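2 protein chains.
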Amino acid sequence: MNKSDLSKIIEVGLLLSSERNLEKLFDKILKTSREVANADAGSLYIKKAHQLEFISSQNETLEKRFKIDGNRLFKPFPLALTRENIAGYVCLTGEILKIKDVYHLPKDTPYSFFKSFDNRFEYRSKSMLVLPLTDRDGHVIGVLQLINAKDENGETVSFHDNAVKALSTLASFAAISLKNAMLSQNVKDAHLSTIYRLVNAAEYRDPDTAYHLERMSNYSRIIAEQLGYDDEFLEVLLYASPMHDIGKLGTPDRILLKPGRLTVDERSIMEKHTIIGADILKNPDNDLISMGRSIAMTHHERWDGKGYPEGIKGEEIPIEGRISALADVFDALSVKRVYKEAWPLEKVVALIREERGQQFCPYVVDAFFKGYEEIQQVYSKFKE
Amino acid sequence: MNKSDLSKIIEVGLLLSSERNLEKLFDKILKTSREVANADAGSLYIKKAHQLEFISSQNETLEKRFKIDGNRLFKPFPLALTRENIAGYVCLTGEILKIKDVYHLPKDTPYSFFKSFDNRFEYRSKSMLVLPLTDRDGHVIGVLQLINAKDENGETVSFHDNAVKALSTLASFAAISLKNAMLSQNVKDAHLSTIYRLVNAAEYRDPDTAYHLERMSNYSRIIAEQLGYDDEFLEVLLYASPMHDIGKLGTPDRILLKPGRLTVDERSIMEKHTIIGADILKNPDNDLISMGRSIAMTHHERWDGKGYPEGIKGEEIPIEGRISALADVFDALSVKRVYKEAWPLEKVVALIREERGQQFCPYVVDAFFKGYEEIQQVYSKFKE
Chain A
2 MNKSDLSKII EVGLLLSSER NLEKLFDKIL KTSREVANAD AGSLYIKKAH QLEFISSQNE
62 TLEKRFKIDG NRLFKPFPLA LTRENIAGYV CLTGEILKIK DVYHLPKDTP YSFFKSFDNR
122 FEYRSKSMLV LPLTDRDGHV IGVLQLINAK DENGETVSFH DNAVKALSTL ASFAAISLKN
182 AMLSQNVKDA HLSTIYRLVN AAEYRDPDTA YHLERMSNYS RIIAEQLGYD DEFLEVLLYA
242 SPMHDIGKLG TPDRILLKPG RLTVDERSIM EKHTIIGADI LKNPDNDLIS MGRSIAMTHH
302 ERWDGKGYPE GIKGEEIPIE GRISALADVF DALSVKRVYK EAWPLEKVVA LIREERGQQF
362 CPYVVDAFFK GYEEIQQVYS KFKE
Chain B
2 MNKSDLSKII EVGLLLSSER NLEKLFDKIL KTSREVANAD AGSLYIKKAH QLEFISSQNE
62 TLEKRFKIDG NRLFKPFPLA LTRENIAGYV CLTGEILKIK DVYHLPKDTP YSFFKSFDNR
122 FEYRSKSMLV LPLTDRDGHV IGVLQLINAK DENGETVSFH DNAVKALSTL ASFAAISLKN
182 AMLSQNVKDA HLSTIYRLVN AAEYRDPDTA YHLERMSNYS RIIAEQLGYD DEFLEVLLYA
242 SPMHDIGKLG TPDRILLKPG RLTVDERSIM EKHTIIGADI LKNPDNDLIS MGRSIAMTHH
302 ERWDGKGYPE GIKGEEIPIE GRISALADVF DALSVKRVYK EAWPLEKVVA LIREERGQQF
362 CPYVVDAFFK GYEEIQQVYS KFKE
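Just so you know, the sequences run in chain order A and B.
So the first sequence is numbered by my numbering: it starts at 2 and just counts up by one.
So the second sequence is numbered by my numbering: it starts at 2 and just counts up by one.
Everything labelled a hint here was simulated from the structure, so no lab data went into it.
When chains are identical, the list treats them as one kind, so a pair holds in a single copy or across two.
Calculated cross-link-like contacts (lysine-lysine; reagent style DSS-like; alpha-carbon spacing at most 25 angstroms):
id, residue 1, residue 2
1, Lys48, Lys99
2, Lys180, Lys25
3, Lys4, Lys166
4, Lys283, Lys382
5, Lys273, Lys259
6, Lys9, Lys166
7, Lys49, Lys283
8, Lys384, Lys283
The model shown is predicted, which means the values in this text are computed figures rather than measured ones.
Only chain A is shown next, with the shape it has when bound in the complex:
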């Protein structure tokens, strides 16, 4: 590599290793590697157990022709992990393949090129550079495939040997960054799973909560997204909102499990679950617990001040409390409970509209309706 290639790789290395969002990282890997190799197209595969998953692609020619980005042409799909397809071959052998024309592979080549994509989109794949993404322990975790190197006139040519050298270093940074981002995603997924499970443990005493947490926390996230909050807020809200009823663990069986109506005294003990929840989550040592505490305390407050436990109103109620209040009620009404049938969605929606500015924050109600299509998808996905 010459000095300018080396400097470019350093720049790319810094760019990739600082990206922790997986989707954005896929894009950056494809974009920078296509730039370095001057390639028209590229695809990224990730090894998953015994398959290879095609996860992302970019294709300048087709993006110009259809005026959409490459990933819209193709959904992620699993590929058999065998030596018979090009990506599988590279993943299993760890070899770098530099192919002049994939339509004219030598007879004894162990792998074949599948023309289905080309046929479908009237594209002509020709030169190819396919690199394993190998982590520091020597395990291949994915494959980077670059298609159709271009010369200065835009003609398709073979990949240059210099590009191979530069790309193989770039692939090392890509592999490390992917592995880091996937590991952090795993830790986050495990965290969310732990929260759902532990809070769902209350299910043993209150059998109505199955999937309530999954739905309610996703509704909350959608509403917050429509209100314009950033990714970090959305994530914390998604993780914190399942804790809204954690205080019910402190409610005695005789009240929590009582079949009929509660007396005034029993109701006031039941309402304490907000304060108990806030107490369980007191002295927060991170954003998640802090927001969980706020939600536990305020998810039964009302915009008009007629809620509990404090009867605060309007913007005195923190936004996460106003959001989770609506998400919680929408879910409670729209599904079946032991003591009641599910309401038809139209009836639930009518009530929410009616309570705009009364029970519910008007901005939150508006955001709810803006995100209503996505909310319905969550509703269908977790239907009991």
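Position chain B relative to chain A; hints supplied.
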């Protein structure tokens, strides 16, 4: 930078960005930067809220003289974040400082050099290169300080301009890697905190569990470490073992909260907390839940087969169940409960020794005694 410097930086960039363990990362940053600059010593500072924390150091001269590594000379300590000390100045201004001799700073220099370290260890700091560790958003997250560049004869000289260039790129990789590793540590810490809090929610019904989880999970980790398990296993065990009694959330108030002895029937319902716990954690989608499930199910089994719920024995009981069984009993006996006083540690230890090969796995008992000093530290730390 010349080609060989650039190649070296790429190598260091790959090395640093693939290190996710914070302690190891500190070492690698100091080691590689000292190599590139040929520096005798180096220190690393991390910005924490309104302070700068000295977290790690290496010093070849002193390490040779005292035959111990640099971090043993110095414990991490906080430093005022002001422009009056060198690291604070660099952190606040983002400037790179290249100093010929810190004992002869020009009169108008805004910062001073503090000789306390030098005086204490009879060391002579002279040339210095101090770089801000700046993340991709332009925030300074720490400071890298290199001390006493050496020429080929081992004489202290000024830092070379080439080194400054290379080190500033290295510092970018160091900053990104540190930020990644610290963020993952935060996510992990938050996860553990969530587990303790949510499982502690049972405290509302069973007030005896305060700090029980923190102690018991740390005892488990120490025993597993003495048995030779790797860091990953230790971490999963630390996170999973607090869930051992999660099934108690399914135990009715009338039994869980009963002051006197339980009847045979009540006892058998109480013992169901193992099976209920395993059910709460069924269909595990990650290692943590999987081990939590195993521990919930088996932490009341006995080595001799006289435990519950299944009465399995010996190595039929998974190792995490055998470890948590001992950790749980040690904690239950060594602290005060509503219905009993704390036993003196000698009495608890005598019982454990007696039950070696009866109630408890002999290997686990041996590991307990090997780690007993550390176990006592945990005992003292979380004393109620």
